[in-house]
Amino acid sequence: MPRITVTVDGVAYEEEVEPRLLLVHLLRDRLGKVGTPIGCDTGNCGACTVMLDGRSAKSCSVLAVQADGSDVVTIEGLAQGGEWHPMQKAFHTEHALQCGYCTPGMIMAAIDLLRDDPDPSEEAVRQGLEGNLCRCTGYCTIVRAVRRGAAEMSQAREPQEVPAP
Amino acid sequence: MSEQLDAGLIAERIAESGELGEPTGAREVGRARRRKEDARLVTGRTTWTDNIQLPGMLYVAFLRSPMAHARITRVDASAARVQPGVVAVYTGADFADEQGSLPCAWPVTEDIVIPDHPPMAVSEVRYAGEAVACVVATDRYKAADALEAIEVDYEPLDAVTDMTEALTEGSPKVHESGNRAFTWKFAGGDIDAAFRDAPVVIERTYVQQRLIPTAMEPRAVVATTDGDDFTLYSATQIPHVLRVMLALTTGIPEHKLRVVAPDVGGGFGSKLQVTAEEVLGLLITRRLGKPVKWTESRSEGNLTVHHGRDQLQRISLAADRDGHIRGVRVDLLADMGAYLMLVTPGIPILGAFMYSGIYKVDAYDFTCTGVFTTKMPTDAYRGAGRPEATFAIERAVDELAHELGLDPIEVRRRNWITHEEFPYTTVCGLTYDSGNYEAATERALALFGYDKLRAEQADRRERQDPVQLGIGVSTYTEMCGLAPSRVLGSLSYGAGGWEHATVRMLPTGKVEVVTGTSPHGQGHETAWSQIVADALGVPFDDVAVLHGDTAVSHKGMDTYGSRSLVVGGVAVLAACEKVKDKARQLAAHMLEASADDIEFTGGSFTVRGTSEGRTIQELALATFAAHDLPDGVEPGLDADATFDPDNFSFPHGTHLCAIEVDTETGRPTIRSYVAVDDVGSVVNPLIVEGQVHGGIAQGVAQALFEEAVHDAEGNLLTTTMADYLIPSAADLPDFTTDRTETPATSNPLGVKGVGEAGTIASTPAVVNAIVDALRPYGVRDVRMPCTPERIWRVLAEAGPAAPGPGGSTASASTSTSGPAPAPVAGQPPAPMSAPAAEGGAR
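Protein chains in written order, with the numbering used here: chain A, 234 to 398; chain B, 9 to 850.
One or more hints might be untrue.
Claimed, not checked - Computed list of lysine to any residue pairs in SDA-like fashion (alpha-carbon distance at most 20 Å, straight line):
1. B/Lys590 x B/Asp639
2. A/Lys322 x A/Gln388
3. A/Lys322 x B/Lys586
4. B/Lys44 x A/Thr326
5. A/Lys322 x B/Lys150
6. A/Lys322 x B/Asp639
7. B/Lys150 x A/Pro235
8. B/Lys264 x B/Arg48
9. B/Lys150 x A/Gln388
10. B/Lys586 x B/Ala503
11. A/Lys322 x B/Lys44
12. A/Lys322 x B/Ala40
13. B/Lys150 x A/Glu309
14. B/Lys586 x B/Ala559
15. B/Lys150 x A/Leu264
16. B/Lys150 x A/Glu316
17. A/Lys322 x B/Lys298
18. B/Lys298 x B/Asp237
19. B/Lys590 x B/Glu533
20. B/Lys44 x A/Arg288
21. B/Lys44 x A/Pro319
22. A/Lys322 x B/Leu694
23. B/Lys44 x A/Arg253
24. B/Lys518 x B/Ser493
25. B/Lys586 x B/Thr609
26. B/Lys150 x A/Met386
27. B/Lys150 x A/His325
28. B/Lys44 x A/Glu309
29. B/Lys586 x B/Asp557
30. A/Lys322 x A/Met386
31. A/Lys322 x B/Asp604
32. B/Lys150 x A/Pro319
Said to hold, decoys possible - To give a feel for the contact side, a few chain A residues facing chain B, derived at Cβ under 7 Å:
33. Val267
34. Gln299
35. Ser303
36. Arg368
Just so you know, these hints were derived from the structure itself, not from any lab.
Treat the numbers as computed from the prediction; the structure is a model and nothing was measured.
Just so you know, even glycine gets a beta-carbon here, dropped at the ideal spot from N, CA and C.
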């Protein structure tokens, strides 16, 4: 059985895995990282989206062996020092979730979307999140949340004025 | 001398520790509170059922019938049993003696046929996806592998997927008794008089296509036992009802069975069920003595989660030339699928009361035939009967407007119940307690820019623009807050409609609320906290809400039908009132005053005219210490309450949709959507808006995207999310939503319920808009879902017709008819329910 090493939310794991094992099952069943849910088996819903080496990937469509040597960030690794990521805050503020099942994947996809387009229009958000399905919100508040998250992230990136000595 | 521990000292210590919360004084009800639930959901710290991992747990996988209808002649599981990791393989025959029959709790007529429904098929399968065997193995992959080694010999039988065909003589029989499950009739007023010499009669047949609810969380079950006691974790909307039903089905005594609904990822009615997998999970854990888990894949779920809608509606309106609707006649075929599940027969019956909509109608006549077909059973799906009814009446009223050359809004104005006329008892026997259709409509028209859009529509017609504009309206009401137990009893519903709550103050002054409702995205923890914060004068953050576990929340009727706030939220308020009554007695005792002289404001009980008082938190501690209680008062500050309202609630509203239809490609694009809903008083506007948004999306999806498609052999063709199109963000517009507030009079919160409103209203608004766009081409209907292909075909069949300002189909004929009505089987109808006027559902 192949042996892989993978870093998940900052912790390095070495695992023997069947070649057919899906990354999402490695995360959930082997590593106990159950914050990433599974919503379909065709890669359509995006609930299982994680960051794989910094880009969003649907972990139901990636084999664990393909993640060998990779860095994976799940929703559980997003908050830093007890402080939520701005996108997590934005989803909360805009009531961009109801049952919350799609939320981890939606937040991951949203963060990745902003890498290419830090200030997306409503239309760009709608197109950019096409691969993540939500059945509760009708998407209006998700679109608002992503735009709020973008604004807050870009504010955080603004160079801080250096106080005069 | 050791420090004596007394209540005063404890209070001081709690106060010093900063634990005693101060109420903010601001009213919580009505405030757009961010949700308490979100913290665990945005960080991934949830307990979805599939997250539960128990020591030594085994995985269950089901072998499902690849055929819609077949006799099982042989099942050979020997090769599967010896596969690595396989612990057990069971066939239907293995469980034949103990698996019982999945329950149907709503026998709508006395002569209804309720076929035996084994959780695993024993000798015959009746829909594709029915379980015939299962594997229990050490991991999910091994369980799936072993399924392939099970050999089943099927002797194919003819499938029947079409209701009309199923009722035709000589059709394949789904059950020996035939394909008619029941016929249910209901009437009010003199329907013959209404139609006799009616100047205008509109007859239409509408297809409510079959839908797959598609909650984002697939179903999952974890069952465990320690030999005598059983625990079932399930992604269910109804842990309390489920426990009763499972006890009756499996023979596990109710007091030995705990049912837990952990975090549940959406339901929309699809988790309002007692499923084969829940029953079998318990049976398997009982056999093996080990915990077992089953999680459905999406493709398995599309086959086996109960489906929604699937009705053929023939509706007739009799009207005067001025547009006054005299009578409504409905002849409905409702597809039950192969079996009757928990409330399958009741879904069209709920709808029966809503066909008169918001209108004053003189006479009504309704007949529903429940039909068996070789398809997955239908059951509750968001709105459950009411979206179907609203669609038919709102489409038909548009047709009436067109027939008379009137604006669709004008026809509604001429028929609706006016604000002054409430309470109003409808021809269906319901008493609508309050409403203001005028206000909601005026607001919606203004937000929408109705006149301007009509002008643009005329211009596009004039210019023969290939992209035509359609405007659709839907003015709806619904009955929700299910609810009055005695009315449900009169409809043969198998349970009551009350709801339960416990409110208990903890010694430190915090509050725990136990609710019988079982949320799956509705935000009860937040809304219930708001209600309690106001009622008891405690801080919002000092309230915790417990739910979804029969060991914690010992009784309830769970969450469906927009009943949680309307019934359960009011039960919480009632429990708070009882807590306050007790606290008042105690305060009177401690302050040496008469209870009549005690005032309660801002969380404190004070003696009238003095500043002397006790906060409710101090009283909670005093009842815990119980050192000095008045005679006859028990320790503890807590109370149970149930609420059983004496009427349903009736949210209403006006939805308007503008759609651009490309007549060359058939593509419809929603240009704008405005919803003004009246859901009575609002506890949390954020949650209300979210529910409306989601509801609209789901109703739009029925209009434009979704349909469960079967081939002639009964195979489901839309088994995955690649085939069954639920809309993404890119498929939907931003919705403009607003509210009017006309409080309900049937409960002290004045709330009406909101979970289904958007779904009920939006489907007819969208289809009315599409038909409106295409009227100049002679189009009178487009069958749902109105896909580009379907629109294109309808246009092609309509032939070339030049659009003009008024449309080309304005007609002086007094009668139009839709497609031929479906024949109804020749069995005699069941005895009619009492006429509405003589006390049907009220």
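Outcome of the hint check:
no.	hint	verdict
1	B/Lys590 x B/Asp639	12 Å, holds
2	A/Lys322 x A/Gln388	14 Å, holds
3	A/Lys322 x B/Lys586	38 Å, violated
4	B/Lys44 x A/Thr326	11 Å, holds
5	A/Lys322 x B/Lys150	40 Å, violated
6	A/Lys322 x B/Asp639	51 Å, violated
7	B/Lys150 x A/Pro235	18 Å, holds
8	B/Lys264 x B/Arg48	30 Å, violated
9	B/Lys150 x A/Gln388	50 Å, violated
10	B/Lys586 x B/Ala503	26 Å, violated
11	A/Lys322 x B/Lys44	13 Å, holds
12	A/Lys322 x B/Ala40	16 Å, holds
13	B/Lys150 x A/Glu309	28 Å, violated
14	B/Lys586 x B/Ala559	23 Å, violated
15	B/Lys150 x A/Leu264	19 Å, holds
16	B/Lys150 x A/Glu316	40 Å, violated
17	A/Lys322 x B/Lys298	41 Å, violated
18	B/Lys298 x B/Asp237	12 Å, holds
19	B/Lys590 x B/Glu533	25 Å, violated
20	B/Lys44 x A/Arg288	30 Å, violated
21	B/Lys44 x A/Pro319	18 Å, holds
22	A/Lys322 x B/Leu694	16 Å, holds
23	B/Lys44 x A/Arg253	39 Å, violated
24	B/Lys518 x B/Ser493	33 Å, violated
25	B/Lys586 x B/Thr609	16 Å, holds
26	B/Lys150 x A/Met386	44 Å, violated
27	B/Lys150 x A/His325	39 Å, violated
28	B/Lys44 x A/Glu309	18 Å, holds
29	B/Lys586 x B/Asp557	24 Å, violated
30	A/Lys322 x A/Met386	11 Å, holds
31	A/Lys322 x B/Asp604	48 Å, violated
32	B/Lys150 x A/Pro319	41 Å, violated
33	Val267	4 Å, holds
34	Gln299	17 Å, violated
35	Ser303	19 Å, violated
36	Arg368	5 Å, holds
Hint compliance for this structure: hints 3, 5, 6, 8, 9, 10, 13, 14, 16, 17, 19, 20, 23, 24, 26, 27, 29, 31, 32, 34, 35 are not met, and every other hint is.
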